[in-house]
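From just these sequences and the hints, can you work out the full model?
Sequence lines, in order, name chains V and S. Per my numbering, the first sequence starts with residue 14, numbered consecutively. Per my numbering, the second sequence starts with residue 293, numbered consecutively.
No lab work stands behind these hints, which were simulated from the structure alone. Keep in mind the model is a prediction, meaning the values are calculated, not measured. All the given hints hold, so there is nothing to weed out.
Which stretches of chain V does chain S cover? Using the computed rule of at least three CB atoms under 8 Å from a CB of chain S, they are: (1) 59-69; (2) 406-413.
As a list, the in silico BS3-like pairs of lysine-lysine whose alpha-carbon atoms are at most 27 Å apart: (3) V:LYS518 / S:LYS326; (4) V:LYS843 / V:LYS798; (5) V:LYS843 / V:LYS794; (6) V:LYS113 / V:LYS211; (7) S:LYS326 / V:LYS564; (8) V:LYS211 / V:LYS564; (9) V:LYS211 / V:LYS683; (10) V:LYS216 / S:LYS326; (11) V:LYS113 / V:LYS216; (12) S:LYS326 / V:LYS113; (13) V:LYS564 / V:LYS518; (14) V:LYS564 / V:LYS113.
Yeah, the Cβ is synthetic: ideal placement off N, Cα and C, and Gly gets one too.
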Amino acid sequence: MAVIKTPEKPKAPSRGKSNLQALTAAALILPGLMQAPAYAADEDEVDFQYSHYQEGYRNIYTNVNPTGTFTSSKTPNYLNPIEVDGLHGSSRVHLTDRVKFAFNYTQDTWAGATPIASAPVVSNAASPVSNPVTNAITGASPLLRNTNSNPFYIDKQNNIHSQNYHYDPNTGSSTFTPGAIVNQVTNVLVGASPETRKQSDFKLDYDWDNASVNGGGGYSVENDYDSRFGNLGLRLDFNQKRTSLNAGVSYTNSYTHATLDPFAVTYMAGGPYSFNGSTVNGNTTTRNFYSPQTEGTYHQVTTSLPNRGMIGAQTTTLTGTRQDVAGNLGLTQILTQNAVMDVGTSFTHSTGYLSNPYKAVYVFHANPGQDPSQPLMYSGAGQWEARPHERNQVNGNLGYHYYIEPLNAALHTRYTGAHDDWGINSHTFEADWAQPVGAGWTITPKVRYYSQSAADFYAPYFTTTMSGYDASGNVIYSKALPDYYSSDQRLAGFGALSGGVIVAKQFAKGISLQAGFEYYTHQSALKLGGGSGSEQAFNNFDYWTANAALKINLGALRFNGGSNDSSSTAHHHASHAITPAGIMFDHALDNAGDMMAGYRYMRNEQSGSMLSGTSTASNDTAIAQGCADQTCMMLPSTMTMNMHMLELMVAATDRVTLMLMPQWTDMDMKMNQSEMKRSTTGMGLDMPVMNQQSGGIGDTGLYALIKLFEQHGHQLTLSLGGTAPTGNVSLMQKKNTSNAAIIPLDYSMQLGSGTWDLKPSLTYSGAMEAIIWGAQATGTKRLDKHNESGYALGDIFQSSIWGGYQWNNWLSANVRGIYTWQDSIHGVLKPVVMTDGSTIPYNQFGNYRMPSQFTSNYGGQFVDVGLGINVTVPTGTFAGNTLKFEWLQPVHTDYNGYQLERSGALTATWGVGF
Amino acid sequence: MDKIVLHHLLLVYVLLVLTGCTSVQPWERGNLAKPHMALDPYPLQSGLSQHNYGSREAASAANNSQGGGCGCN
Chain V
14 MAVIKTPEKP KAPSRGKSNL QALTAAALIL PGLMQAPAYA ADEDEVDFQY SHYQEGYRNI
74 YTNVNPTGTF TSSKTPNYLN PIEVDGLHGS SRVHLTDRVK FAFNYTQDTW AGATPIASAP
134 VVSNAASPVS NPVTNAITGA SPLLRNTNSN PFYIDKQNNI HSQNYHYDPN TGSSTFTPGA
194 IVNQVTNVLV GASPETRKQS DFKLDYDWDN ASVNGGGGYS VENDYDSRFG NLGLRLDFNQ
254 KRTSLNAGVS YTNSYTHATL DPFAVTYMAG GPYSFNGSTV NGNTTTRNFY SPQTEGTYHQ
314 VTTSLPNRGM IGAQTTTLTG TRQDVAGNLG LTQILTQNAV MDVGTSFTHS TGYLSNPYKA
374 VYVFHANPGQ DPSQPLMYSG AGQWEARPHE RNQVNGNLGY HYYIEPLNAA LHTRYTGAHD
434 DWGINSHTFE ADWAQPVGAG WTITPKVRYY SQSAADFYAP YFTTTMSGYD ASGNVIYSKA
494 LPDYYSSDQR LAGFGALSGG VIVAKQFAKG ISLQAGFEYY THQSALKLGG GSGSEQAFNN
554 FDYWTANAAL KINLGALRFN GGSNDSSSTA HHHASHAITP AGIMFDHALD NAGDMMAGYR
614 YMRNEQSGSM LSGTSTASND TAIAQGCADQ TCMMLPSTMT MNMHMLELMV AATDRVTLML
674 MPQWTDMDMK MNQSEMKRST TGMGLDMPVM NQQSGGIGDT GLYALIKLFE QHGHQLTLSL
734 GGTAPTGNVS LMQKKNTSNA AIIPLDYSMQ LGSGTWDLKP SLTYSGAMEA IIWGAQATGT
794 KRLDKHNESG YALGDIFQSS IWGGYQWNNW LSANVRGIYT WQDSIHGVLK PVVMTDGSTI
854 PYNQFGNYRM PSQFTSNYGG QFVDVGLGIN VTVPTGTFAG NTLKFEWLQP VHTDYNGYQL
914 ERSGALTATW GVGF
Chain S
293 MDKIVLHHLL LVYVLLVLTG CTSVQPWERG NLAKPHMALD PYPLQSGLSQ HNYGSREAAS
353 AANNSQGGGC GCN
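As structure tokens, then:
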């Protein structure tokens with residue numbers, strides 16, 4: 014925790030010190046002492062940032078036929094678009110005067126519907142949904158619908174015609190002819206349930222007076238994509254630091270291992286590239302695919318049906334690797350007292366599997382034997398996209414940064430141009446205006462324009478024409494499918510305009526808050542030179558993004574209230590006995606105006622057997638009895654929950670401290686399918702869901718910590734407060750085809766309680782010499798009978814007792830015993846509303862049924878033993894930093910109903926005291 | 293806007309940037325040292341924006357040698 018002491022009232026002896034500080038501060042911004050020409054002083058810093066990305070609804074058009082003539086119309090799209098919640102934490106610290114270390118952690122969770130392909134409306138790839146009572150079109154099913162499209166015609170002028178149908182009652186024959194022109198193209202969407210990506214990376218810098226070198230690396234992991242990267246960089250300063258040269262190289266190796274959407278797989282007519290034989294190994298069939306033009310296997314599609322009792326559904330996995338090598342060269346030049354320019358270029362060479370495993374194209378064929386002078390009839394189906402296996406991209410940028418003295422404002426402008434051998438050329442213009450407005454506030458409006466041309470192999474859909482058959486019966490194409498094809502709108506020609514504002518407030522004591530908002534619109538008509546205009550307007554979409562960041566400048570903290578105050582800091586800390594990492598609300602701050610910021614991480618794991626009450630239940634028993642009077646179709650195999658919390662405290666008075674605790678939660682549950690389920694669905698059908706993930710903002714805590722008693726090493730603290738229901742409790746599983754129901758994620762996968770919760774706690778802690786001890790009782794009372802989704806989580810009571818030993822001035826260890834009681838869930842999740850308006854209880858969908866969908870399988874009584882270790886750095890650069898760890902080992906479990914065995918929980922907290 | 297106009301605009305921009313190259317002494321760099329005159333005054337914000345652009349545009353993704361995940365959706 015970063016404890017920020019209120020600066021004490023000026024006393025006579027400290028005057029000299031303040032003056033010295035002022036002088037040093039002035040010296041720091043004295044130009045000649047700057048490390049680099051245009052870099053602001055880079056101090057040790059810890060940052061936290063939360064961001065939200067929200068896309069607008071994608072455009073869906075459907076075929077309507079109100080008067081016997083086909084026409085298209087934009088149709089309501091009821092599928093939630095892509096939404097991303099992101100969390101970012103970073104720290105930059107100097108290990109020595111010359112060595113700087115930076116570490117970043119990022120995670121984001123996204124969910125929502127996104128285009129998989131696009132197709133002419135008349136092909137009926139996305140169909141209207143009718144209300145069965147009124148027969149009116151109530152919305153679009155923008156999802157994959159037809160394995161084979163409806164036939165349609167394309168004439169010489171490239172107009173698309175719907176198909177007219179005539180039945181002659183006299184002859185009994187049917188004839189089909191081109192009908193009305195309907196050129197509209199529509200998106201075809203797929204849904205996605207929440208998935209989380211996590212990335213860690215670091216950078217190490219070594220500085221000389223006129224140069225620096227740096228090296229870094231990182232790892233990004235998500236369910237279907239891993240990426241490892243490393244980079245090296247160099248900076249050289251010349252010319253009294255008027256000029257700086259930067260150079261760098263980087264290497265990225267990425268591995269795609271996508272489980273192809275089990276619904277979509279059955280809707281696809283073919284895969285990309287040439288099939289090159291398959292190998293069978295036990296239950297696993299591996300099919301190899303070659304590029305049509307180059308040697309080498311670029312990706313593999315593996316179908317596996319593991320045969321290990323409970324485990325396993327058939328899955329189809331696409332694997333492939335890609336490598337990116339990049340180099341960049343840049344120059345920063347001071348032009349005048351008020352102007353800096355930077356210019357740079359970079360080159361990226363990418364090879365391997367560069368396609369997107371979730372994007373498809375529609376390919377429509379004209380059969381042989383048609384009259385070439387008439388509109389040709391087409392029909393077809395979707396297939397996975399295919400991109401080249403190599404890409405070379407070069408870009409150049411030029412930035413100009415100008416200080417506007419009368420306004421104390423900074424204008425930043427930048428142009429970036431890029432060209433690649435896929436045929437994409439792009440131009441980006443950016444500008445922002447950073448305007449300090451007094452009292453530590455800075456307002457920075459920004460604007461950006463981007464335009465790109467389409468990739469050579471992009472089209473909204475593809476057509477082929479067959480002219481006949483050769484002697485051996487193979488089709489001869491007069492227009493064949495090209496080697497590479499994609500309908501990913503990111504490869505289309507378009508322009509994008511975005512604008513936003515950043516508001517920053519610099520507080521005393523080195524704390525800074527930032528908030529940013531940006532709106533972005535993608536429009537085909539905004540492309541430079543017009544270009545693809547109206548026929549690709551179906552691609553248009555927009556998004557907005559908002560974020561909030563907290564920056565803690567460790568250097569400034571030390572400067573303002575830290576190092577010169579170390580004697581009282583030591584005293585301050587000695588007065589509070591160290592408590593285990595898992596104990597919250599343990600003490601109020603000392604003096605009115607004191608502030609504290611801290612970070613807390615908690616991880617909870619369940620895996621192993623199913624338990625009923627206190628004993629292990631066999632899978633057969635759990636399947637038969639875990640789902641009330643029904644049979645379970647799946648059982649959970651692992652369940653992991655991660656929580657990240659920020660603790661922001663301010664002492665309102667000497668006795669009362671207020672605490673705000675925003676938190677972030679992400680969860681992952683893996684399931685096994687029962688034998689019975691497998692036999693009923695058959696060998697060939699892929700299971701829709703074997704994994705659930707979710708993540709995002711959890712409930713937000715607000716507390717008042719009241720010092721009841723504090724004397725002679727004894728301390729009694731009462732905490733009153735609770736959580737506001739900011740966590741989402743209506744998350745849904747994915748829906749990919751027009752005939753699948755949207756059903757909620759389990760209770761345990763929702764991000765919050767959905768109710769206002771009261772969380773009182775009473776904590777006693779004591780210390781005598783090296784011995785520390787304490788006890789806590791805490792509870793959670795749900796104040797609402799049910800949340801917006803129809804249920805309320807069970808109340809909780811928990812008590813702890815601990816003892817520990819302070820080995821020396823930096824290390825202590827503790828042991829804790831914890832008893833927890835939690836009630837089962839009250840109420841039930843709202844029933845699922847089907848497209849025809851009927852409702853079905855959430856846990857009655859055969860494919861998905863599992864114990865965690867039943868409210869009686871929640872709660873119980875638990876006993877855990879906690880083992881903790883606490884480290885406080887006594888001296889040096891990191892003086893005052895405290896790290897605490899505690900592992901909770903379950904020793905007794907008495908579950909309500911059937912639940913997955915508990916494995917344990919880890920808590921880690923970081924803080925720095927001043 | 294056709295290509296030639298664009299190129300002319302760029303040229304004018306470059307010339308504007310290059311004129312006014314004077315010898316700025318170290319003690320004359322107070323304005324340049326201000327935090328909002330850093331080449332990127334808000335790295336947290338720009339990192340986030342770049343990640344969003346990179347997942348929705350063809351050109352931006354390749355500029356990112358810092359990972360960033362699949363961005364497939």
